[in-house]
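> Chain by chain, the residues:
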Amino acid sequence: DIQMTQSPSSLSASVGDRVTITCRASQGIGTSLAWFQQKPGEAPKSLIYGASTLQRGVPSKFSGSGSGTDFTLTINSLQVEDFATYYCQHYTDYPLTFGGGTKVEIK
Amino acid sequence: VQLLESGGGLVQPGGSLRLSCSASGFSFATNAMTWVRQTPDKGLIWLAAISYDGLNKYYSDSAKGRFTISRDNSKNTLYLQMNSLRVGDTAIYFCARTVAFEDWGRGTLVTVSS
Chain A
51 DIQMTQSPSS LSASVGDRVT ITCRASQGIG TSLAWFQQKP GEAPKSLIYG ASTLQRGVPS
111 KFSGSGSGTD FTLTINSLQV EDFATYYCQH YTDYPLTFGG GTKVEIK
Chain B
28 VQLLESGGGL VQPGGSLRLS CSASGFSFAT NAMTWVRQTP DKGLIWLAAI SYDGLNKYYS
88 DSAKGRFTIS RDNSKNTLYL QMNSLRVGDT AIYFCARTVA FEDWGRGTLV TVSS
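Protein chains in written order, with the working numbering: chain A, 51 to 157; chain B, 28 to 141.
For reference, chain A alone in the conformation it holds in the complex (with noise of 0.2 Å):
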């Protein structure tokens, strides 16, 4: 089974910066990557997918890139409603996992 490691597994930020949150993959899944966000209470929303291609919807503060093992999701200017935790998925190979979670709290 491939592992999605995340990192950090949370920090502090405060509103108007700029947040990059890791993601490894124990083997290769070339760009089958995708990120969401959630917050308390609700369902995860897909943020991009294939590493970095922003869903329908998403502000283009939020990017993805990265291919193989290694992956970033990075937010610009981070607001308010940016605060929520982030799971990175792959969907190369059954079974599919996500990793552990990154949550993002206001400092």
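No wet-lab data here; the hints were simulated from the structure. By construction, the Cβ of each residue, glycine as well, lies at the ideal position given by its N, Cα and C atoms. There could be a bad hint or two in this list.
[To be verified] Computed from the model, here is a short list of chain B residues facing chain A with C-beta under 7 Å:
no., residue
1, Gly70
2, Leu71
3, Tyr85
4, Ser87
5, Phe121
6, Ala127
7, Trp131
8, Arg133
9, Gly134
[Said to hold, decoys possible] Derived DSSO-like pairs (lysine-lysine); straight-line CA-CA distance at most 27 Å:
no., chain 1, residue 1, chain 2, residue 2
10, A, Lys153, B, Lys69
11, A, Lys95, B, Lys84
12, B, Lys102, B, Lys91
13, B, Lys69, A, Lys89
14, A, Lys95, B, Lys102
15, A, Lys111, A, Lys157
16, A, Lys95, B, Lys69
Starting from the known structure of chain A, arrange chain B on it as the hints suggest.
Below, chain B without anything else, positioned relative to chain A:
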């Protein structure tokens, strides 16, 4: 796109439940679908996936042998039959569109307890 899960609830260990996921706003019959569950301690865990035509089904080790994914394209509905439920199956269960989880339902809570 709208996905609406139903069928969750309280069940005793060893019992069964069938979850449903009603889909609208997209071409259900041309999309693979998946089930995933979430708990505070284990996070997001993929359970099962089914091809657009229902001919191919894939399961995680935790679902294999106890859970069955199916779909009825005439009803735009996805199902998850869960048998021999355990306390550890307690979770929020989500359905999602595609293996990249491009759209999610709001989830349904399954509680397995005596």
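> If a hint holds in the structure, say so; if it does not, say that too.
The hints, checked one at a time:
1. Checking B:Gly70 against chain A: minimum C-beta separation of about 6 Å stays under 7 Å; hint holds.
2. Annotation: interface hint on B:Leu71 holds; nearest CB of chain A at approximately 4 Å, less than 7 Å.
3. Taken as an interface hint, B:Tyr85 checks out: its beta carbon lies about 5 Å from the nearest beta carbon of chain A, inside 7 Å.
4. Satisfaction of the interface hint for B:Ser87 is found here, the shortest Cβ-Cβ separation to chain A being roughly 5 Å, below the 7 Å cut-off.
5. Hint on B:Phe121 holds. Least Cβ distance to chain A is approximately 6 Å, under the 7 Å limit.
6. Because the smallest distance between the Cβ of B:Ala127 and any Cβ of chain A comes to about 4 Å, under 7 Å, the interface hint for this residue holds.
7. The closest approach between the C-beta of B:Trp131 and any C-beta of chain A is roughly 4 Å, which is under the 7 Å cut-off, so the hint is satisfied.
8. Taking 7 Å as the C-beta cut-off, the interface hint given for B:Arg133 holds, the closest approach to chain A being about 5 Å.
9. Of the supplied interface hints, the one on B:Gly134 holds, with its beta-carbon coming within about 6 Å of a beta-carbon of chain A, less than 7 Å.
10. Our distance criterion of 27 Å between C-alpha atoms is met by A:Lys153 and B:Lys69, whose separation comes to about 15 Å.
11. With a C-alpha separation of about 24 Å, the suggested pairing of A:Lys95 with B:Lys84 holds against the 27 Å cut-off.
12. Note on B:Lys102 and B:Lys91: the hinted pairing holds, with a Cα-Cα distance of about 25 Å set against a maximum of 27 Å.
13. For the hint pairing B:Lys69 with A:Lys89, the CA-to-CA distance comes to about 17 Å; that is within 27 Å, so the pair holds.
14. Of the supplied pair hints, the one linking A:Lys95 and B:Lys102 holds, its CA atoms being roughly 25 Å apart against a limit of 27 Å.
15. Between the alpha carbons of A:Lys111 and A:Lys157 the distance comes to roughly 20 Å, so the proposed pair stays at or under 27 Å and holds.
16. In summary, the hint linking A:Lys95 to B:Lys69 is supported, as the alpha carbons are separated by about 19 Å, within the 27 Å threshold.
Violated hints are absent here; each numbered hint is respected by the structure.
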